[in-house]
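First residue of the sequence shown? That's 31 in the working numbering, and the numbers climb one at a time after it.
If you are wondering where the hints come from, they were derived from the structure by calculation, not from laboratory data.
One should not assume that every hint holds.
[Claimed, not checked] Okay, derived cross-link-like pairs now, DSS-like style, lysine-lysine, Cα gap no bigger than 25 Å in a straight line:
1. Lys200 x Lys256
2. Lys109 x Lys381
3. Lys32 x Lys42
4. Lys200 x Lys37
5. Lys32 x Lys256
6. Lys92 x Lys109
7. Lys53 x Lys37
8. Lys32 x Lys200
9. Lys53 x Lys42
10. Lys200 x Lys42
A quick note: this is a predicted structure, and the numbers were derived from the prediction, not measured.
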Amino acid sequence: MKVTPSKRAAIKRSLLAWYRREKRDLPWRGTTDPYHILLSEFMLQQTQVETVIPYYRRFLRKFPTVQDLAGTPRDRVLKAWEGLGYYTRARNLHRTARYIVDRFDGAVPDAYDELASLPGFGPYTTAAVLSIAYDRDYAVLDGNVIRVLCRLFGIQDDVGQTRTRGNLQKLADNLLHSGDAGEHNQAIMELGATVCRPRAPRCGSCPVNGHCAAFRAGIAESLPVKARKKPRPHHILGVGIVSRNDTVLIVRRPENGLLGGLWEFPSARQMDEESLSETCIRAVREATCVDASVRNRFRTVRHAFTHLSVTMHAFQCEYKGGEARPRNCSDVRWVEPDNLGDFAFSRANRKLIEYMD
Numbered sequence: 031m032k033v034t035p036s037k038r039a040a041i042k043r044s045l046l047a048w049y050r051r052e053k054r055d056l057p058w059r060g061t062t063d064p065y066h067i068l069l070s071e072f073m074l075q076q077t078q079v080e081t082v083i084p085y086y087r088r089f090l091r092k093f094p095t096v097q098d099l100a101g102t103p104r105d106r107v108l109k110a111w112e113g114l115g116y117y118t119r120a121r122n123l124h125r126t127a128r129y130i131v132d133r134f135d136g137a138v139p140d141a142y143d144e145l146a147s148l149p150g151f152g153p154y155t156t157a158a159v160l161s162i163a164y165d166r167d168y169a170v171l172d173g174n175v176i177r178v179l180c181r182l183f184g185i186q187d188d189v190g191q192t193r194t195r196g197n198l199q200k201l202a203d204n205l206l207h208s209g210d211a212g213e214h215n216q217a218i219m220e221l222g223a224t225v226c227r228p229r230a231p232r233c234g235s236c237p238v239n240g241h242c243a244a245f246r247a248g249i250a251e252s253l254p255v256k257a258r259k260k261p262r263p264h265h266i267l268g269v270g271i272v273s274r275n276d277t278v279l280i281v282r283r284p285e286n287g288l289l290g291g292l293w294e295f296p297s298a299r300q301m302d303e304e305s306l307s308e309t310c311i312r313a314v315r316e317a318t319c320v321d322a323s324v325r326n327r328f329r330t331v332r333h334a335f336t337h338l339s340v341t342m343h344a345f346q347c348e349y350k351g352g353e354a355r356p357r358n359c360s361d362v363r364w365v366e367p368d369n370l371g372d373f374a375f376s377r378a379n380r381k382l383i384e385y386m387d
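Model the full assembly from the supplied sequences, consistent with the hints where possible.
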């Protein structure tokens, strides 16, 4: 779909005038520092702005430059990220900082191919950093932009299809005005986040509703079209909080996979015809080679991840024997409870620690 020059100019005028008047005062909008913008884009992936703001500020106080971040041990980075979720982002951010320092003399690349080669950089993040930090002419395509474009141009194809995504990217490219890509990208994302919302869109307040096909047809809330999601699987876990003298046993998850590199209490998925206490004892043994016995049920915690949900049944356990060593984890520690705050845990395990306190 092509956008005529006159329509493109009209949309641009209305969109940018609205953005300059109504945009939110966000901390990363007051800088052109590529490292700060890169950090904000990593944090904002699949996370609400309100959640990101305090993390962004704390993170920059701890690691004010890309060199500071690159020179920091990974565990400290994960600890600073703790609670923000999607920890692959933190690991990729840390690796990216080291690549930038080692390969690009500490300067965030301003060439597309170089930036896209860094860990965690897909088409969206690459376009966002290049356009906002360097004002390069690359149009972003994220969930907010997809929603705005589908409604603005009445697109009713499934946005989960590769062909539809390709067409939307071409449309975003065609809509972009050369020379102000950074402001344009932020404006259209801001429109999607605050006005052209997934539910209850504020069409009456939209600066481009005079050009909007979905608004005219009264179908804004039905767009974009998405295929029905498959049901999210649910796992039941047994968790062992094993005590020995004045310490508890914790393990670090393998680097690759869900929650990679974070610490937790040993856990395992319940097998058929296995009691939860049996699952708990097996989890401890399989992770650490330690034998333990269940003392009592402690707490039940429910948590939802992107692609699955879990119910964690935690038990307080006594150490019975065996030398703690990593078996299906990457590290094992006996830690005093007062020192658990020094380690980066997932949100679900952090809830168990809070109950312990």
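Where does the structure disagree with the numbered hints, that is, which hint numbers, in rising order? Every hint satisfied by this model.
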